[in-house]
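These protein sequences, in sequence, are chains A and B. Position one of the first sequence corresponds to residue 1 (the working numbering), numbered consecutively onward. Position one of the second sequence corresponds to residue 213 (the working numbering), numbered consecutively onward.
Careful: at least some of the hints might be erroneous.
Stated by the list, open to error - Covered by chain B, per the in silico footprint, the following chain A stretches (three or more residues, Cβ under 8 Å):
1. 11–20
2. 80–93
As the list claims (entries may be wrong) - Computed beta-carbon distance windows for the label pairs:
3. Y208/A - G218/B: 34 to 42 Å
4. A224/B - L43/A: 46 to 54 Å
5. E157/A - S225/B: 42 to 50 Å
6. A402/B - F62/A: 35 to 43 Å
7. R154/A - S367/B: 19 to 27 Å
8. R227/B - S42/A: 28 to 36 Å
9. L196/A - E271/B: 33 to 41 Å
10. S205/A - L274/B: 24 to 32 Å
11. Q215/B - Y208/A: 18 to 26 Å
12. P88/A - A224/B: 30 to 38 Å
13. Q215/B - I15/A: 38 to 46 Å
14. S205/A - E271/B: 45 to 53 Å
No wet-lab data here; the hints were simulated from the structure. Positions of the beta carbon are idealized from the N, C-alpha and C atoms, including for glycine.
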Amino acid sequence: MTYFADVAALARKDILLELRSRDTLPAMLLFVVSALVVFHFSLPSDASATASTGLLWIALLFTALLGLGRAFTAEREQRVLDGLVLAPCDRSAIWLAKSLGVLAFLGVAEALALPAYALFFEPVGWELVAAVLLANLGLAAVGTLLAAMAAASRARELLLPLLFLPLVIPVVVGGVGATVVDNPGRYLGFLALYDLIFAILSWASFEYVVAE
Amino acid sequence: MIQARGVGRRFASKRVIRDLDFEVRAGELLLVTGPNGSGKSTLLALMAGLLAPTEGEIEVDLPRGRIGYLAHEALVYKELTALENLELYGRLYHVAERRETTGALLERFGLWEVRHQRVGSFSRGMQQRLALCRVLLHDPELLLLDEPYSGLDASARSLVDDVLAEAAGAKTLVVASHEPEHVRPLATQALALA
Numbered sequence: 001m002t003y004f005a006d007v008a009a010l011a012r013k014d015i016l017l018e019l020r021s022r023d024t025l026p027a028m029l030l031f032v033v034s035a036l037v038v039f040h041f042s043l044p045s046d047a048s049a050t051a052s053t054g055l056l057w058i059a060l061l062f063t064a065l066l067g068l069g070r071a072f073t074a075e076r077e078q079r080v081l082d083g084l085v086l087a088p089c090d091r092s093a094i095w096l097a098k099s100l101g102v103l104a105f106l107g108v109a110e111a112l113a114l115p116a117y118a119l120f121f122e123p124v125g126w127e128l129v130a131a132v133l134l135a136n137l138g139l140a141a142v143g144t145l146l147a148a149m150a151a152a153s154r155a156r157e158l159l160l161p162l163l164f165l166p167l168v169i170p171v172v173v174g175g176v177g178a179t180v181v182d183n184p185g186r187y188l189g190f191l192a193l194y195d196l197i198f199a200i201l202s203w204a205s206f207e208y209v210v211a212e
Numbered sequence: 213m214i215q216a217r218g219v220g221r222r223f224a225s226k227r228v229i230r231d232l233d234f235e236v237r238a239g240e241l242l243l244v245t246g247p248n249g250s251g252k253s254t255l256l257a258l259m260a261g262l263l264a265p266t267e268g269e270i271e272v273d274l275p276r277g278r279i280g281y282l283a284h285e286a287l288v289y290k291e292l293t294a295l296e297n298l299e300l301y302g303r304l305y306h307v308a309e310r311r312e313t314t315g316a317l318l319e320r321f322g323l324w325e326v327r328h329q330r331v332g333s334f335s336r337g338m339q340q341r342l343a344l345c346r347v348l349l350h351d352p353e354l355l356l357l358d359e360p361y362s363g364l365d366a367s368a369r370s371l372v373d374d375v376l377a378e379a380a381g382a383k384t385l386v387v388a389s390h391e392p393e394h395v396r397p398l399a400t401q402a403l404a405l406a
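From just these sequences and the hints, can you work out the full model?
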């Protein structure tokens, strides 16, 4: 129970920081809507639903990347991550709390993005919503681990996309696949499996990312 | 409590610390002196476990929750208030009587009146006082203090003197300072880094 109390305290802190600074969420919301507007005007009017779905996933991926790039900004300032790492709590609690924060921000961004997608492109079906929800778990899990790794580097703006984008290609494959095929079960299962594997890997390896 | 054998530390090709051997027993106060860039902060980070030595080994015979580490930075969130920062650390360090302890420390270090203000609005001296509250919050057995007088005015300096005088003998202390005259009377051993 102590572990989850630590996670709750850290996650509450992340939400509070965002409510105060408004650094991340407004940027994510503006970006995802802007991207969808640009895609709407750049895609030919007779373009297929598959093409618009692909563009939606690109917009979601880069929105996540934008949020992840700022995920550890507050910890980098004043070296607060050192303070958290020295606390006797399990270090994976830091990862889990930060992932929950990223997940919440992604959820809010998508609550705006999906209606905008429906407005500009195609109606949103249950399979797209399910795929997005499953994808969020994987994006938050892997992205938070990589954001912590990148935060320690001077070239973090370059390092994070270089590490993140190749690792989340399966999310795009699963997400687009689940949205365009008649029977999305296989792709949704694939996304769930990706979430499970990468959440466990990220949870277990975070300790080694923050400790020298 | 702390044993260092042939400890060295490099950052890329630059060697900051080389071949250090020392032992600090429980209740002792080790004063670390030296000019800027001599490796005082690096040595304390090694003891805290934030850095690993590139040569030799350093053993601290305590779990990390029993260590209090004062760094150059306050290690607190600027967007949170002083009280919120201490509440967070109190939870993470599982401090039993968190509210009472937090309140007493804020009072002692003259921050009670500004406890609801964000740390970003604090002066350097106020941030240092808050950092000292953070360090003492969980009643650590080992105190690693890097330049504890930095940024403090005369009244706050005397507070640090009091903290050191209380802790000397009861706790193990390692104090890095380039103005060692305050600490030297309490020190049981000194380490001068070149």
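>> Holds or violated: the 45 to 53 Å window for the beta-carbon distance between S205/A and E271/B?
In response: violated (25 Å)
> Against chain B, does the stretch 11–20 of chain A show at least 3 residues with beta-carbon separation below 8 Å?
Replying inline: holds (count 4)
> Quick one: are P88/A and A224/B within 30 to 38 Å, going by C-beta?
Replying inline: The hint (30 to 38 Å, Cβ to Cβ) holds, given that P88/A and A224/B are roughly 32 Å apart.
> Per the hint of 46 to 54 Å, is the separation of the Cβ atoms of A224/B and L43/A within bounds?
Replying inline: holds (48 Å)
> Honestly, do R227/B and S42/A meet the 28 to 36 Å range at C-beta?
Replying inline: violated (55 Å)
> Is 24 to 32 Å a correct range for the gap between the Cβ atoms of S205/A and L274/B?
Replying inline: 26 Å Cβ-Cβ, so the 24 to 32 Å window holds.
> Do three or more residues of the stretch 80–93 of chain A come closer than 8 Å to chain B, measuring C-beta to C-beta?
Replying inline: Per the Cβ count (9), the hint holds.
> So does Y208/A sit 34 to 42 Å from G218/B, Cβ to Cβ?
Replying inline: Check failed, 25 Å falls outside 34 to 42 Å.
> When you take the CB atoms of E157/A and S225/B, is the distance between them in 42 to 50 Å?
Replying inline: violated (25 Å)
> Within 33 to 41 Å or not, the Cβ separation of L196/A and E271/B?
Replying inline: Cβ of L196/A to Cβ of E271/B: about 39 Å, so the range 33 to 41 Å holds.
>> Please check whether A402/B and F62/A have a Cβ separation lying inside 35 to 43 Å.
In response: violated (55 Å)
>> Is 38 to 46 Å respected by the C-beta to C-beta distance linking Q215/B and I15/A?
In response: Cβ of Q215/B to Cβ of I15/A: about 43 Å, so the range 38 to 46 Å holds.
Checked against the numbered hints above, the structure violates hints 3, 5, 6, 7, 8 and 14; every other hint is satisfied.
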